[in-house]
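A.B. asks: Each chain, written out:
There are 2 protein chains.
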Amino acid sequence: MKVAPDPSRRSHASRRAILAAALDLVGEVGYTKLSIEGIATAAGVGKQTIYRWWPSKGSLLFDAFLTLAGDEQDGATAGLPDTGDLETDLKLVLRTTVAELNDPRYDLPMRALHTEIVHDPALAADYAKRLDEPMRELKKERLRAAQRAGQLAEDANLDVAVDLLFGPILNRWLQRTGPLTPEYAGQVVETALRGLRPREP
Amino acid sequence: MKVAPDPSRRSHASRRAILAAALDLVGEVGYTKLSIEGIATAAGVGKQTIYRWWPSKGSLLFDAFLTLAGDEQDGATAGLPDTGDLETDLKLVLRTTVAELNDPRYDLPMRALHTEIVHDPALAADYAKRLDEPMRELKKERLRAAQRAGQLAEDANLDVAVDLLFGPILNRWLQRTGPLTPEYAGQVVETALRGLRPREP
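Protein chains in written order, with my numbering: chain A, 12 to 212; chain B, 12 to 212.
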């Protein structure tokens with residue numbers, strides 16, 4: 012018998028406990044050693060409770076990361092802020108990202124996910140489909156709005172733009188090649204945007 | 012008794028065999044499971060031969076990566092090409108990097124190094140000091156020459172510039188978020204340089 016998720020408060024609390032346990036554990040033991048059994052024990056629920064909601068540890072972990080990304084509405088993600096000023100909005104987004112990556116609660120699970128992706132092409136494809144592509148589309152939507160507002164060159168390649176804006180933060184965090192500060196985030200936005208703005212006529 | 016490295020041809024062949032074995036093995040088993048003993052066996056030399064030249068597996072591996080980077084002159088690295096045209100030179104460098112990252116011989120050991128760095132702050136510090144910083148300095152030297160030639164803004168932050176130019180390639184390779192092509196390398200250079208060029212007066 013298939014049981015639909017219980018919308019009660021208790022069910023919601025279990026769900027949150029499972030997602031939190033998955034993030035804690037993946038940071039501690041890595042993706043390979045992460046098990047549904049271990050997550051169930053840490054969350055204080057039965058394995059069947061987890062299997063009722065998630066078919067695999069991969070799907071559970073991705074929901075956990077979506078939660079971490081500030082989204083708990085089953086996969087739908089909020090757009091980037093749009094105050095009408097692209098530079099201000101991007102600086103806000105990148106500085107928030109910097110603050111999250113510097114938060115020890117996020118640091119270990121995010122590192123675990125990123126290194127598993129590097130070695131596991133199937134997980135990388137899942138990551139691309141479930142996390143990178145939807146997030147990238149939201150970023151490109153904000154950049155398209157900036158193009159309509161004349162703040163970004165009409166012919167800018169938006170995939171390259173996303174990579175130039177968001178890639179350096181991720182690299183510096185992963186490789187610890189320099190301090191990951193709000194100032195650095197601001198400089199990345201300023202330099203990248205100078206290259207992306209409409210050329211003077 | 013301390014024995015200085017033997018400059019004979021046989022010694023040079025052993026050294027190359029050891030470096031090649033280290034790269035092969037780290038790609039196969041990862042940095043954690045990499046052992047001097049395993050490298051010695053694979054290279055057909057005694058463990059003492061390795062310890063005579065390298066104090067640790069870390070120092071051996073970094074020499075192996077420096078070899079991979081096309082440099083076998085004990086740590087000294089060649090500068091970036093300088094034809095006088097920054098865009099042409101950077102496109103050449105980034106397209107060469109793309110070709111190397113797409114080469115299966117480099118792919119696995121480089122992934123192993125990058126993921127170990129992500130989880131091991133001590134190795135990250137060693138990587139920063141022995142590989143990233145010297146390479147970064149060479150890149151910045153080329154950018155400084157471009158500043159003197161009026162091809163780059165005087166006030167460009169050169170660390171941010173290096174990150175914008177080289178980071179996106181590394182990310183796309185590690186995360187497989189899109190095809191790593193020479194065309195992509197060219198677009199990254201063009202977009203980043205538009206942001207870094209001197210502003211029109």
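Note that these hints are calculated values from the structure, not bench results. Incorrect hints may appear among the rest.
Put simply, identical chains are the same to the list, so a pair is met inside one copy or across any two.
With a straight-line Cα cutoff of 27 Å, these simulated DSS-like cross-link-like pairs (lysine-lysine) come out [stated by the list, open to error]: (1) Lys68 x Lys44; (2) Lys151 x Lys58; (3) Lys140 x Lys150; (4) Lys102 x Lys151; (5) Lys102 x Lys44; (6) Lys44 x Lys151; (7) Lys58 x Lys102; (8) Lys140 x Lys44; (9) Lys58 x Lys68; (10) Lys102 x Lys140; (11) Lys150 x Lys58.
Since the model is a prediction, treat every value here as computed from it, not as a measurement.
A.B. asks: Please list, smallest to largest, the hint numbers that this structure does not respect.
C.D. replies: 2, 5, 6, 7, 11
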